[in-house]
Structure formats: C-alpha cells, structure tokens
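**Q** Given the coordinates of chain B, assemble chain A onto it according to the supplied hints.
Number of protein chains: 2
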Amino acid sequence: MNQETGGAVVFIGKKPFMNYVTGVVMQFNSGAKKVCVKARGKYISRAVDVVEVVRNRFLPNLKLEKVDINSEEFEGQEGKKVRVSTIEITISK
Amino acid sequence: MNQETGGAVVFIGKKPFMNYVTGVVMQFNSGAKKVCVKARGKYISRAVDVVEVVRNRFLPNLKLEKVDINSEEFEGQEGKKVRVSTIEITISK
Numbered sequence: 480m481n482q483e484t485g486g487a488v489v490f491i492g493k494k495p496f497m498n499y500v501t502g503v504v505m506q507f508n509s510g511a512k513k514v515c516v517k518a519r520g521k522y523i524s525r526a527v528d529v530v531e532v533v534r535n536r537f538l539p540n541l542k543l544e545k546v547d548i549n550s551e552e553f554e555g556q557e558g559k560k561v562r563v564s565t566i567e568i569t570i571s572k
Numbered sequence: 480m481n482q483e484t485g486g487a488v489v490f491i492g493k494k495p496f497m498n499y500v501t502g503v504v505m506q507f508n509s510g511a512k513k514v515c516v517k518a519r520g521k522y523i524s525r526a527v528d529v530v531e532v533v534r535n536r537f538l539p540n541l542k543l544e545k546v547d548i549n550s551e552e553f554e555g556q557e558g559k560k561v562r563v564s565t566i567e568i569t570i571s572k
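One line per chain: the protein sequences are B and A, in this order.
The numbers in this note's numbering rise by one with no breaks, and the one at position 56 of the first sequence is 535.
The numbers in this note's numbering rise by one with no breaks, and the one at position 84 of the second sequence is 563.
So here's chain B without its partners, still in its complex pose (with noise of 0.2 Å):
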C-alpha cells in the first residue's frame, strides 16, 4: 500500500515506546502525507497506543485513514505452521 502512496511505514517493536511517537511525528514533519504504522502479535496493541498519543498529544488534525487486521502464516519450530495477526493502521495529514 505504501508503494502506491508514497507513504512511510513505522514498524512497531520493542523498542522504547517514544521512540516510535517520535518516528511517526518525524515523518509528517519531514514532508509525509501518510504514514503506516503495522504491529504483529503482541505489539498490536502498541501500534494501538503509538497513533493514539500521536494523535491526542502530537498531531490532533491527523486522520485515521484505515486500520486493517489479518494474518500471517509462517514455519515455526518443528515445521509447524503458525498464524499471528497483523495490523496497519493508517493515517494521513
């Protein structure tokens, strides 16, 4: 999707929460339109928490454009299929 927009993408991880706050912030005031923030698993519900804060303490004309949620499938240990749940969750100026 961010192909087509010309848009960033903010990957969630563990890092320290303020650090993807500010990542998301920097990319719209670096000239960003649309910036897609995607978690998979646990991290999900700090994609979440990134865009909240970065729309009610940073950039409250944001729009939220659209979240989407789905699966991945991969090989695990043992050659065991696994699924995790993904999100993306759109935003734009």
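Treat the hints with care, as some may be off.
Where chains are identical, the list cannot tell them apart; a pair therefore holds if satisfied intra-copy or between any two copies.
Dumping the calculated SDA-like pairs for lysine to any residue here, alpha-carbon to alpha-carbon at most 25 Å [what the hints assert, rightly or not]:
| no. | residue 1 | residue 2 |
| --- | --- | --- |
| 1 | 560 | 498 |
| 2 | 560 | 519 |
| 3 | 560 | 538 |
| 4 | 542 | 497 |
| 5 | 542 | 562 |
| 6 | 545 | 497 |
| 7 | 494 | 548 |
| 8 | 493 | 556 |
| 9 | 545 | 556 |
| 10 | 494 | 537 |
| 11 | 493 | 519 |
| 12 | 559 | 496 |
| 13 | 572 | 550 |
| 14 | 493 | 540 |
| 15 | 521 | 508 |
| 16 | 512 | 498 |
| 17 | 559 | 486 |
| 18 | 572 | 540 |
| 19 | 560 | 500 |
| 20 | 521 | 532 |
| 21 | 521 | 492 |
| 22 | 517 | 492 |
| 23 | 494 | 508 |
| 24 | 559 | 536 |
| 25 | 560 | 509 |
| 26 | 560 | 539 |
| 27 | 542 | 563 |
| 28 | 521 | 488 |
Because the hints were derived from the structure by calculation, they are not lab data.
**A** Chain A only, in chain B's frame:
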C-alpha cells in the same frame, strides 16, 4: 453502534482465549448478523487474535466490516488523567 445495527458485542478480557472465540461463533450461530469485538489497552492484540481465529478457522466467509481505534480518558489514582486505547472490530455474515 451496536444499538443501531442490532448486533451483538463481545468484550475481550482475561478469560481463556477460546472462550471469546466460542462466544463470537455462538453469536453468529444463534442469528446475529453482526458482531462487534471490543477491547481496551493490552487486550487489543487479543481482540485481533480472536477475530482472526474466528475468520480463519471457524467462519471463513465473515466480512471484516470496520476496525476503529480510539482513546478513553478516565481519572486514575491521585486524580491523574489516564488515557487508554480502545479497538472495535465489526465483523458480519
């Protein structure tokens, strides 16, 4: 929203995971056309997992109608304002 649509609501919390999966499946099996899965804070990841397991393993023809994220504020200990993120995932037959 559920008042408008006559759909059922399932709140995700700390009960065993499959309780919620079964809960959603049973709502559809007993006639609901729409189910709204809601969660707050750390249970957001779990809400996404519940919906994805229902869609992938039990009811593959469900439509993901809408995913909405938001914030709720309430007074925490010592009168401090606390913000918590929320999610509402609407799925339909």
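**Q** Hint by hint, say whether it matches the structure.
**A** Checked hints:
1. 560 with 498: Classified as between; 23 Å across copies, 32 Å inside a copy.
2. 560 with 519: Close inside one copy (16 Å), not across copies (29 Å); limit 25 Å.
3. 560 with 538: between (40 Å within a copy, 19 Å between copies)
4. 542 with 497: Classified as within: same-chain Cα gap 21 Å, cross-chain 34 Å, threshold 25 Å.
5. 542 with 562: Between copies, since 19 Å is at most 25 Å while 31 Å is not.
6. 545 with 497: within (23 Å within a copy, 28 Å between copies)
7. 494 with 548: Answer is both; intra-copy 22 Å and inter-copy 22 Å each pass.
8. 493 with 556: Within one copy only: 22 Å inside a chain, 27 Å across chains, cut-off 25 Å.
9. 545 with 556: Neither: 34 Å inside a chain and 34 Å across chains, both beyond 25 Å.
10. 494 with 537: within (20 Å within a copy, 35 Å between copies)
11. 493 with 519: both (11 Å within a copy, 20 Å between copies)
12. 559 with 496: Between copies only: 20 Å across chains, 32 Å inside a chain, cut-off 25 Å.
13. 572 with 550: Between. Shortest inter-copy distance 19 Å satisfies the 25 Å Cα cut-off; intra-copy 28 Å does not.
14. 493 with 540: neither (27 Å within a copy, 34 Å between copies)
15. 521 with 508: Cα proximity of residue 521 and residue 508: none, with 28 Å in one copy and 29 Å across.
16. 512 with 498: Only inside one copy: residue 512 and residue 498 sit 20 Å apart there, 41 Å across copies, limit 25 Å.
17. 559 with 486: Close neither inside one copy (35 Å) nor across copies (36 Å); limit 25 Å.
18. 572 with 540: For residue 572 and residue 540, only the intra-copy Cα distance (7 Å) is at most 25 Å; the inter-copy one is 34 Å.
19. 560 with 500: The answer is between: 20 Å across copies meets 25 Å, while 33 Å in one copy does not.
20. 521 with 532: both (18 Å within a copy, 15 Å between copies)
21. 521 with 492: both (9 Å within a copy, 14 Å between copies)
22. 517 with 492: both (9 Å within a copy, 23 Å between copies)
23. 494 with 508: Cα proximity of residue 494 and residue 508: one copy only (21 Å, versus 42 Å across).
24. 559 with 536: Classified as between: cross-chain Cα gap 16 Å, same-chain 43 Å, threshold 25 Å.
25. 560 with 509: neither (40 Å within a copy, 31 Å between copies)
26. 560 with 539: Between. Shortest inter-copy distance 18 Å satisfies the 25 Å Cα cut-off; intra-copy 41 Å does not.
27. 542 with 563: So residue 542 and residue 563 pass the 25 Å test across copies only (19 Å; inside, 27 Å).
28. 521 with 488: The answer is both: 19 Å in one copy and 23 Å across copies each meet 25 Å.
The structure is inconsistent with the numbered hints 9, 14, 15, 17 and 25, although it conforms to all the rest.
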